[in-house]
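Chemist: Residue numbers (our numbering), protein chains in the order written: chain A, 1 to 248; chain B, 1001 to 1248; chain C, 2001 to 2248; chain D, 3001 to 3248; chain E, 4001 to 4248; chain F, 5001 to 5248; chain G, 6001 to 6248; chain H, 7001 to 7248.
If you're looking for bench data, these hints aren't it; they were derived computationally from the structure. Keep in mind that this is a model prediction, so the values were computed, not measured. There's no promise every hint is true.
[Unchecked claim] With a cut-off of at most 25 Å between alpha-carbon atoms, the simulated DMTMM-like pairs for lysine to aspartate or glutamate come out as follows:
#1 Lys6167(G) / Asp11(A)
#2 Lys5118(F) / Glu7147(H)
#3 Lys3016(D) / Glu7022(H)
#4 Lys6057(G) / Asp7153(H)
#5 Lys7026(H) / Glu3022(D)
#6 Lys5057(F) / Glu5102(F)
#7 Lys4059(E) / Glu102(A)
#8 Lys1059(B) / Glu3102(D)
#9 Lys7059(H) / Glu4102(E)
#10 Lys4026(E) / Glu1022(B)
#11 Lys7097(H) / Glu7149(H)
#12 Lys7073(H) / Asp4153(E)
#13 Lys3167(D) / Asp4021(E)
8 protein chains.
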Amino acid sequence: MDRDSLLQLFDAVRRKRLSPDEALAKLRHMPFEDIEFAKVDHHRMLRNGMPEVILAKGKTPAQVAGIFAKLAKQKTNVLATRATAEQFRAVRKRAPKAEFRELARAIVLLQDHRTRGKGKIAVVSAGTSDIPVAEEAVVTAEAMGNEVEHFYDVGVAGIHRLLAHSKALAAARVVIVCAGMEGALPSVVGGLVGVPVIAVPTSVGYGASFDGLAALLGMLNSCASNVSVVNIDNGFGAGYVASMINRL
Amino acid sequence: MDRDSLLQLFDAVRRKRLSPDEALAKLRHMPFEDIEFAKVDHHRMLRNGMPEVILAKGKTPAQVAGIFAKLAKQKTNVLATRATAEQFRAVRKRAPKAEFRELARAIVLLQDHRTRGKGKIAVVSAGTSDIPVAEEAVVTAEAMGNEVEHFYDVGVAGIHRLLAHSKALAAARVVIVCAGMEGALPSVVGGLVGVPVIAVPTSVGYGASFDGLAALLGMLNSCASNVSVVNIDNGFGAGYVASMINRL
Amino acid sequence: MDRDSLLQLFDAVRRKRLSPDEALAKLRHMPFEDIEFAKVDHHRMLRNGMPEVILAKGKTPAQVAGIFAKLAKQKTNVLATRATAEQFRAVRKRAPKAEFRELARAIVLLQDHRTRGKGKIAVVSAGTSDIPVAEEAVVTAEAMGNEVEHFYDVGVAGIHRLLAHSKALAAARVVIVCAGMEGALPSVVGGLVGVPVIAVPTSVGYGASFDGLAALLGMLNSCASNVSVVNIDNGFGAGYVASMINRL
Amino acid sequence: MDRDSLLQLFDAVRRKRLSPDEALAKLRHMPFEDIEFAKVDHHRMLRNGMPEVILAKGKTPAQVAGIFAKLAKQKTNVLATRATAEQFRAVRKRAPKAEFRELARAIVLLQDHRTRGKGKIAVVSAGTSDIPVAEEAVVTAEAMGNEVEHFYDVGVAGIHRLLAHSKALAAARVVIVCAGMEGALPSVVGGLVGVPVIAVPTSVGYGASFDGLAALLGMLNSCASNVSVVNIDNGFGAGYVASMINRL
Amino acid sequence: MDRDSLLQLFDAVRRKRLSPDEALAKLRHMPFEDIEFAKVDHHRMLRNGMPEVILAKGKTPAQVAGIFAKLAKQKTNVLATRATAEQFRAVRKRAPKAEFRELARAIVLLQDHRTRGKGKIAVVSAGTSDIPVAEEAVVTAEAMGNEVEHFYDVGVAGIHRLLAHSKALAAARVVIVCAGMEGALPSVVGGLVGVPVIAVPTSVGYGASFDGLAALLGMLNSCASNVSVVNIDNGFGAGYVASMINRL
Amino acid sequence: MDRDSLLQLFDAVRRKRLSPDEALAKLRHMPFEDIEFAKVDHHRMLRNGMPEVILAKGKTPAQVAGIFAKLAKQKTNVLATRATAEQFRAVRKRAPKAEFRELARAIVLLQDHRTRGKGKIAVVSAGTSDIPVAEEAVVTAEAMGNEVEHFYDVGVAGIHRLLAHSKALAAARVVIVCAGMEGALPSVVGGLVGVPVIAVPTSVGYGASFDGLAALLGMLNSCASNVSVVNIDNGFGAGYVASMINRL
Amino acid sequence: MDRDSLLQLFDAVRRKRLSPDEALAKLRHMPFEDIEFAKVDHHRMLRNGMPEVILAKGKTPAQVAGIFAKLAKQKTNVLATRATAEQFRAVRKRAPKAEFRELARAIVLLQDHRTRGKGKIAVVSAGTSDIPVAEEAVVTAEAMGNEVEHFYDVGVAGIHRLLAHSKALAAARVVIVCAGMEGALPSVVGGLVGVPVIAVPTSVGYGASFDGLAALLGMLNSCASNVSVVNIDNGFGAGYVASMINRL
Amino acid sequence: MDRDSLLQLFDAVRRKRLSPDEALAKLRHMPFEDIEFAKVDHHRMLRNGMPEVILAKGKTPAQVAGIFAKLAKQKTNVLATRATAEQFRAVRKRAPKAEFRELARAIVLLQDHRTRGKGKIAVVSAGTSDIPVAEEAVVTAEAMGNEVEHFYDVGVAGIHRLLAHSKALAAARVVIVCAGMEGALPSVVGGLVGVPVIAVPTSVGYGASFDGLAALLGMLNSCASNVSVVNIDNGFGAGYVASMINRL
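Next up, chain A with everything else stripped away, as it sits in the complex (with noise of 0.2 Å):
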């Protein structure tokens, strides 16, 4: 279905060596796959505010700054997942109002402050080394404009140190929870509050954690009906679904 054959198809009608009826048969049974429909998705993302998405694990800090030199010409934030000191080292010359947001493992660049969201995020996580991947939602929730609130290191061993939060947690419209080891703190959670939960299952953790394993089955078997989970240390799956929520 490409320019030519289209343009052809009109003209025809136009001269009206096709009437509509005709026209219309002879469309539906042309190969539509060529038109250049890839940038509607572009164009539809820009419109929405999301943030423009590099994962840097696995590219060169050269490459890292190119790309991310390129998508900050354009009006959106921009947002560098699992990177490195070093990548964003050669980031800043290039977008010199790019932060590093060290303990999520990510660079960002704040282009479009308006708050998008029209509630509050809440990020939960079990013990301080689930932070980083708590860190990495935290970052992908603010560049998607939503207003963000972490509750870190209240784990389901010492119950009182949730529910000590529990008051905050009930008034945030989405939360997020990062765990590792049995990864139950979603489910506390789950019954805590009246709103949607996103479990992060964590790579926290040794011996029968097999590397996040444990926590996924945990979450996916929650009894907390209002519980939905993804990929192992997803922080930032988790930051997107979330914000996606909070703007409905």
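Got chain A sorted already, so can you dock chains B, C, D, E, F, G and H onto it with the hints?
Modeler: Okay, now just chains B, C, D, E, F, G and H, sitting in the frame of chain A:
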């Protein structure tokens, strides 16, 4: 922190044997667990229009009917999941307005007809064998006060069948996608819509599907960032999460 | 891009309210998903002589018979896999020329006898217990217009039995190999022939065969480079892939 | 090292054909295995008040009754686990004082009523479906001479229900926690009490619970340091370990 | 339920604006989570002589030293697990009395020398490679005020080496058994002693040991009923559980 | 290399149209697979006194009886494994001297009573539930001409029961050890004897035994170097391997 | 069946000591294995234009260069997979016309430029990280004499990017699809084309991708019947199978 | 049962304070574990010509050299497995006659040259990458006094290469087969020989080989009944088991 010791505390304050500061200090060191806070949960649920839910599987028809009848006395909707025709016959005797949604394997009594969802929930399934799980999601979302539209048998190997519905899908506020076998559908749907997608792996398949594991892993690794996942065959959980999102 | 809006577009061109260029620009921005492209698939299949296929498992005899009878009205071959004798009896009443291939657990109606494969397909099985899967591959390939030759009970622990057939195997254009337990046969066959080998792990075995997992992993790690693999017990898929190759 | 050769050895010493040193040297090189030491075990058990235990599963009613009757002749308590009502009917004919604990699927004959545990054992379960496993732990601990208190249906998604019992829990000397699905309860309980917690994963759940694997992994990765774990559904083992601790 | 609102509540009672009954009713509906109950945990630990524990792995020498020095100011013992010689050098500068237990990979500062265990804890290991895990259990139990005796290199393939110690083993009040590879040792030891056995699977082995999974599964399936299990390589957890039992 | 072309080749040599050297060169380039070498296998087996073996599982009584009767005409012993009483009744009608070994689930016809093993084979089992697998090994070894001694219910948790037999075990030329649950017994036996040990994991157990996987992994990781392993529940294979060793 | 005994056989026929029939009988009973049939394989490969292939991984630069140079003397193409730049530098010194395909991590020497494939092979990849595997398939197919077209970065979450190429895809005779993460792309492509699809799971992903396992399972469960699968990251195998199909 | 109490016992018999019967009764109730039976093991080994074995992996060069030198003082052969060149240099200084078998990664000192095996051990490997494991088996068997012949690079995809050696294989008394990837070779070899086959899965492969798991499962499911299996990469164990068989 039972009633008596608390009354004594207040009485001591009233009699001025304790200053408010002293009473506060005492309160802090009392065991606080004995108050019947459990009821709070229950009340909040009632206020929010959540249905009462019974997992019928593993219960006798008499047991299901008994619990159902008791819950039916309240004003909420009542839902029994994984139910059989035999269980329904027992329920109907005690709750004549209850319906049996055969495909969904659910018994439902709709007593509260208020719409609570702000938009439409779309439920998509890959194959005809995934329909029972999809229907469980449908009936759950309906019992929670949502308008639901479904799109069945639109698996990825015939991508045009799915694309034919993409405008309708894009009109939903939340999308649930049920798929077994390779579990690819949520990724494709996730790319077509700009709203949260709840993915439900189903145990449909054989051999290396390992009873839904293949679909589950596929969905957790979705390249679409707006996808989160619930347990295998958990249509109820998907309907619940989607409803919670749709109320926001 | 429903019928009406397209007709309006063509009508506007016809009335010269829009130039072909303007119409093209408009067309590009219309949602294109609503056209009923799904039918295209269907038509292509018919033209290519692919059989209509029903997965009989999990359907009632009446359901299988109903679908079978409907498909039988077309000129294509009709195949029902994982079928029972009881389902066949129901089918036979409505499609008297249908046959039951008991070993293959398949009901087949051959109405299109054209040969579409350019060569012979060889189907090899390791043990007698693998024969049902092998026969499913055989009947699928036959229903798709291929000449098929089978070689059963030629497992690797008695390598001479296999070698006794190596000239015949070498004459095939595609080879399907079904094996359970250690799944070693495709590697040996792959080394004997110079054509593509489709390996089908079967769930034959016990203990550490883990319902075909051992055979599946063995085949995926085949040291013969001309081997590719389908799902456990997927005789139908192997027959389908082999047929598609044999038509080229 | 049978009786005869030992007697000969002693006789040789008595007759002074061998010095004590020579006899010792000879003794060291004799095969020492033939003495019937096996009985020692048996005697120690009897002295310690351990019950005799029969795994009823897989045995006929007649077999269970026969073994039960034989053991009942001793003064110990007798316990048959994973038993059916039918097996109980056979047992009752031969041991009329035996009781059937239906929820626990156990037949028990209490003949030795001495209390051997120094404190109370608490048995906690997450959901109602976990009760059979919890009851197996209860009956085992009772048959081993312990006072037992149970707390059922206090899963982590309704944390207040659990907290309402925390004072009672804190009074136990050992705590057993049974939970399926995500298996999070032992971690929370472990944080609430200052005594050993025996965690029992149950096979309650579906899909990604993988018959108790998710709960098992969760418990092994517990962030509470006072938790140790027994096999899936092993209520008997938990009751046994807890009893052994409670005797110390 | 912050300080101010509670003070106001007590003040109202004092001023008799509220009766005790009315105050109780109000109290019940206040959010109770904000009180700083978290400190309770902490205090209980101090009273019980539990050591303060730092997981040194993944922290810089400076971080470990900083936390260690801060905790050392209290009167409790301090333990850093999974520590390196480099971390120890940093710690020693700030806590000169700290020792490095190289085999256990632990830094320990013993300031509270009271014996809290009522009997002896035996620590048994199968092979020399299991010693680091066993030593972590030893140092943990010692830091928690226990007398510990160890029995190393007494694996089941040389059963006489183990039997040579059976009298000594039988004298322990709790036994910890560390084993990799097939993890068989806890079952044998469990049969030799009449006290609780804490089994620690180690990641010692290769190939089908799958980093300790084989040993873990073996221990969970132990035919000795007095065995419970902790995570792979979790010497700390085993020492902690054993200490808690030994205090009872 | 069929009969005809070979005869032509020899004929050409006979007629001196080809020299022996030329014939050899031609022979090398002929396809050699068509000769019926398969029979060679068969003959070798007959000469060696191997029994004919039928896997009865999955066959009808009539099928088992038919194959059994045919094989019984030869002079070898005949063995049907995984057989039922019903299959035996059908066999007995056609082979009246066949016996049913109920525990072993085997039908055996001993026609060749020559002893072929040079020593004794010991068969050891851990628990009573492992006996069917052990008995399958016993009957296989007997049918292959070996003297067999068994030692049942000597699991590792009561090590003295095993040690009581260690002299008898040490007298065997090959030892088979069957164990489920943790599968520890082969390691202990391996340390007691100086001959090859064939370990058979059984599917006895529940929960984390994962149908014999735990025992299998344990045995593969045995710390005794004289242990090798066969498939889960493969008593036949163990008996076969042991017999082959015992003939050497 | 060595040279001498065969010559003797022929000589006996020539001297008429054996009739052709007798000679045939003798031949059948001679061990046939010693003839150097191994060379046959080699020759067939050479005739068919298959490239010589070296797995460079795990070899020193000198080793790779040595083998490469030796193979380069023949007229075939030479391919070294999983190669490094350092290995290439060593190869180039001895085979100056060899090229390094950096993306594909392959060294290739094209000496035989004949086209052997009858149509075009399309290589599709889901993400940019999958390109190394896709390029390995490309270079393999090219070295085997095929025309190859690639379509990269057309993952399923942006389905329009893929659809934009569907006409071009439909023109291929075989399609290779490389995808990591959820591995959904082969199913979609399989539905778009009417030719065999070779699916290559890649190890791209993290967490629950389990190094390609998720993608592998997804592809094995593909709902498109024309898909078969090779090992994770096996671009070479996919290129080889596709080439073999394309020659038919 | 230490020396002193036994001497006292014998002395009492000698002094006739105890009759032999009384002494026997006393002996039975003494703890028998303290005798140093452990040395028995050691002596038996020395008598049998078993080599002393050191697992060098994870030890420093100095440690390996120290242990090696100590063991070298005895008359047995000494073997260090998984050793490095650096460890060898340290060993050579203290045991100048020690050799380094680089391919086998083993240091060996042959001091006892007696042949103890009654026949030849054949060691077969599938690919060149399996040779280190095969060589470990070779050096182990040689150090245990066996004549060994090896057959390398005879994988199943080129079955004629293996068949070319079948006469030589048939001459062995025990066969060891090492294979990675699909692990099919033991089944084929098992069918060619009439002696025990020890299968060694190797970790050679990638992707779905899962570090040798695929080969392990394949071998456990071998359709050849004379195959038993050792751990992944356990060349030492295979050499040990084969040697033990070959001595019988």
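Chemist: The structure should be examined with respect to each hint, and the outcome stated for every one.
Modeler: Comparing the hints with the structure gives:
1. Lys6167(G) / Asp11(A): holds (24 Å)
2. Lys5118(F) / Glu7147(H): Satisfied, since the Cα-Cα distance of roughly 22 Å is no more than 25 Å.
3. Lys3016(D) / Glu7022(H): holds (17 Å)
4. Lys6057(G) / Asp7153(H): holds (17 Å)
5. Lys7026(H) / Glu3022(D): holds (19 Å)
6. Lys5057(F) / Glu5102(F): holds (14 Å)
7. Lys4059(E) / Glu102(A): holds (15 Å)
8. Lys1059(B) / Glu3102(D): Given pair Lys1059(B), Glu3102(D) holds - Cα atoms ~15 Å apart, limit 25 Å.
9. Lys7059(H) / Glu4102(E): With a Cα-Cα distance of about 15 Å, the restraint between Lys7059(H) and Glu4102(E) holds, given a limit of 25 Å.
10. Lys4026(E) / Glu1022(B): Judged against 25 Å, a Cα distance of about 19 Å means the pair holds.
11. Lys7097(H) / Glu7149(H): holds (24 Å)
12. Lys7073(H) / Asp4153(E): holds (23 Å)
13. Lys3167(D) / Asp4021(E): This hinted pair holds, its Cα atoms lying about 24 Å apart.
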